[in-house]
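K.L.:
If you want the building blocks of each chain, they are given just below.
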Amino acid sequence: MTRQRAQRCLAAMVALLGAVTICLASPDLDRVVALAIKRYGVHAAQNVDTWRDLVERNRDLPEREKLELVNSFFNVNVDFEQDPVVWGRNDYWATPLETLGRGQGDCEDFSIGKYVTLGLLGVPIERLRITYVRAETGLSGSGIVQAHMVLAYYPEPGAEPVILDNLVGELRPASRRPDLKPVFGFNSQGLWIAGRPASSDPTARLSRWRDLLRRMNEEGLN
Amino acid sequence: MSLIKQLWLAIALVMLVAFGGSFLVSSLSAKAYLEEQLLLKNLDNATSLAATLSQMPKDEVTIELLISSQFDTGHYESIRLVNPTGKVLVERLSDAGNIGAPAWFARMFRIAAQPGVAQVQDGWQQYGTLTLSSHARFAYRELWNSTLRLLGWFVAAALLTAIAGTVLLRFILRPLDKVVQQAEAIGARRFITIEEPSTTEFQAVVRSMNAMARRVRQMLEDESSRLEQLRREAHHDAVTGLLNRGHFLARVQTALAREDAGAEGVLVIARLLDLHELNRGQGWAVMDTLIKRFADALRAMAPKDAEWVIGRLNGSDFAVLAPGEDDAGALAQRVQEALQMLARELDLQAVCHLPAAATPYRHADQLSRVLARVDVALANAVAGGGDTVQVAGMEQAPADAGKRMDLATWRQRFDSALTMGQVKLHSYPVVDAAGQLLHGECVARLRLGADSDWLHAGEFVPWLARLGDLARLDEMVLDLAIARLLNCTDNLCINLSAQSMNDAVLMHRLASRLGETPELAKRLWLEVPEYGVFQNLENFRILSALLKPVGCRIGIEHVGHQVAHIGELHDMGLDYLKIDASFVHSIDQNQANQVFLRGLAMIAHSIGLSALAEGVGSEAEFRTLVELGFDGATGPAITARGS
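Those protein sequences? They're chains A and B, same order as listed.
With the numbering used here applied, the first sequence closes on residue 224, and no number is skipped along the way.
With the numbering used here applied, the second sequence closes on residue 820, and no number is skipped along the way.
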């Protein structure tokens, strides 16, 4: 993912997160599962079913355990693959259902999936930041860098965040991830006005996000 | 409320709703659009500024400079950076300033765009939340301008619609005025027809109203010709069409009693001797032809402007009542010569003997006396043999030798009398069926000098007619009547002569004089004699068109001789008919006349006229007339109750 593409996606991401926040208000998980079975077959739908159980059974866990659970769930059940391979086009923003149904996704899909799931589990979104990072993927000092996206969790506003990443399977505090240089972090806080229908929101007019919102709506996450 | 006002109101209401609605909708949608645009700008600018700040060194000066540079060169209301603990790090606020629209407008259409919010990071640390809102000034200005433009359109379109509406309404409603006029006319029993308008709906209305008016007119024509038929059968001789004995005598009596005109003249009777013998000798056919020619000749003798009454009293007696004639002998001679000439034409001069007799009469003569005089004279003529003419003078010579004056002297004396105002009014009561006074019918009295006797109209009107001065008298009578109306509360009625009626200039003068005193004009009844009306119906139409609007009531007097034409009065809006005394005389005993008058009253009522009777001579006659449907009467036996 190039830096330019990352910037182009920024505004779109903001809108998606907002939509997700609203979706969390009244998710229809039965419908999400039914749709997964219909679309991806019984086998693929097991992913979604498992995800549903995870969401419904773990609402009362401590937050730290929710992070572990969600992070490993996505890292285990979703294989990393670039958009052109999975969806046949560049920069396709998949909904959690699509990501889990295919069992494939890129870094944005991981981050969005974790963000949405933690939201469903009751983690306050002001503690979450989806963060664009510059990642060194080669050996330290090798100079091989790429645009990457992770989810950061801030237990306190001024605290050091915990990073949920698909490159490194375990949760680590930011200080133990010298390979990541944060560029810009955001969540949907302050962007989404409660009670306002998503379709009337001006940001929804960005066609990619309108499309995504529509799909999420159809899938029962709205 | 008139139709046109209601339409106006509806147009105004529709305009108001339409433009008020579009004003509101467009303002609100513009407001929503502008709010959305502002929100997008806020979000985008906040995100991009936050992304930039996240990459900058986090010293206060750099942060403040960056925010100030954005704020000072952009269009912001406020930019604020708050750290995670809620402390304000940097804040920039613009002063209120001019918003480019009136304050009330800004209050009414408040543009409330959400601020844009984005997170600033310092490495992995949260640095703060950036809140940014753009200035709404340009939005207010835009909204205000578009509102003004819309208002301009509203005013222009309203004016345009108003003008177009006025023109259109005028055009559409033009036929309606005529329709309303016709409906009102029919309501007042004037059965007029009008041209059908082109508007379909009005056309149907007018068509059926026209059809109704035509039906009514047809019915009137049928009814009046039936009456005419009735009158002919009752009053006329079957062979000659001349008046029969009974009606001729009634006409003579009426003429003698008449106040206004023709109360002086000559009665001539010519007799065809031995008619029975002649019938046997010459055959019925020949004698009928001769008699018919006699009748035609007598009719032809009558001057155009005089109202001669000609009758066949029994088989052999022909009578002529010639009002206005003064030389009895000469007229009898002329009658006899005319008849003798016809006998010669049929080669009957040897067997036809035509003795004739004549007598003058004047106003207030007794009918029996006049008849006695002429009977004696006729007996003398018959005794005198073959073709004698006898004249019977009046029992006493006229008291006033002045009446023997010639025309030139009359002219002079009238002139001075009229100039000196030696005219006064005398009035007779005309009452309604209950005996209440309807109006006083005025007749003129004139004297030739301050110490002379007052003359009855019958004594001077024929002379004035001959001098062509009746119009002058009528105008004077009108003046007197107006003066009298000022001093009493009764209604008054005056007669207009046919001569006056035909004088268009005089009619206009009368109309304008009465127009000055509309209160008095309402109490004035004007009437014209029947023969004058039907002689020149167009002029009468003009008269009624001129005088009706000023409030006068218009009527016809001495009605009954030309009933076939009564239907033609249906669209004039007249008020009343006065039926001639010759039909009213002894009405309580005359079955044929009762049928006739009942029919006449019915026709009059059906076109909205009252029927009044003239010359009522007894209480029994009055009662019979009321039973026949008459609305009032006048005559020697009539006195107004309570006056």
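Keep in mind that the hints were calculated from the coordinates and are not lab data.
All figures in this text were calculated on a predicted structure; none of them were measured in a lab.
A portion of the hints provided could be inaccurate.
[Said to hold, decoys possible] SDA-like mimics (lysine to any residue), calculated; alpha carbons at most 25 Å apart, straight line:
#  : chain 1 : residue 1 : chain 2 : residue 2
1  : B       : K218      : A       : E158
2  : B       : K218      : B       : G198
3  : B       : K218      : A       : P175
4  : B       : K264      : A       : E138
5  : B       : K235      : A       : T52
6  : A       : K183      : B       : F248
7  : B       : K235      : A       : K68
8  : A       : K183      : B       : T229
9  : B       : K218      : B       : I349
10 : B       : K264      : A       : R104
11 : B       : K264      : A       : S144
12 : B       : K264      : A       : D55
13 : A       : K183      : B       : E636
14 : B       : K218      : B       : L243
15 : B       : K601      : B       : A507
16 : B       : K264      : A       : E162
K.L.:
Each hint: holds or not?
P.N.:
Structure-based check of all given hints:
no. : hint             : in the structure
1   : B:K218 to A:E158 : violated (31 Å)
2   : B:K218 to B:G198 : violated (30 Å)
3   : B:K218 to A:P175 : violated (35 Å)
4   : B:K264 to A:E138 : violated (35 Å)
5   : B:K235 to A:T52  : violated (45 Å)
6   : A:K183 to B:F248 : violated (29 Å)
7   : B:K235 to A:K68  : violated (33 Å)
8   : A:K183 to B:T229 : holds (15 Å)
9   : B:K218 to B:I349 : violated (56 Å)
10  : B:K264 to A:R104 : violated (46 Å)
11  : B:K264 to A:S144 : violated (41 Å)
12  : B:K264 to A:D55  : violated (42 Å)
13  : A:K183 to B:E636 : violated (142 Å)
14  : B:K218 to B:L243 : holds (18 Å)
15  : B:K601 to B:A507 : violated (35 Å)
16  : B:K264 to A:E162 : holds (19 Å)
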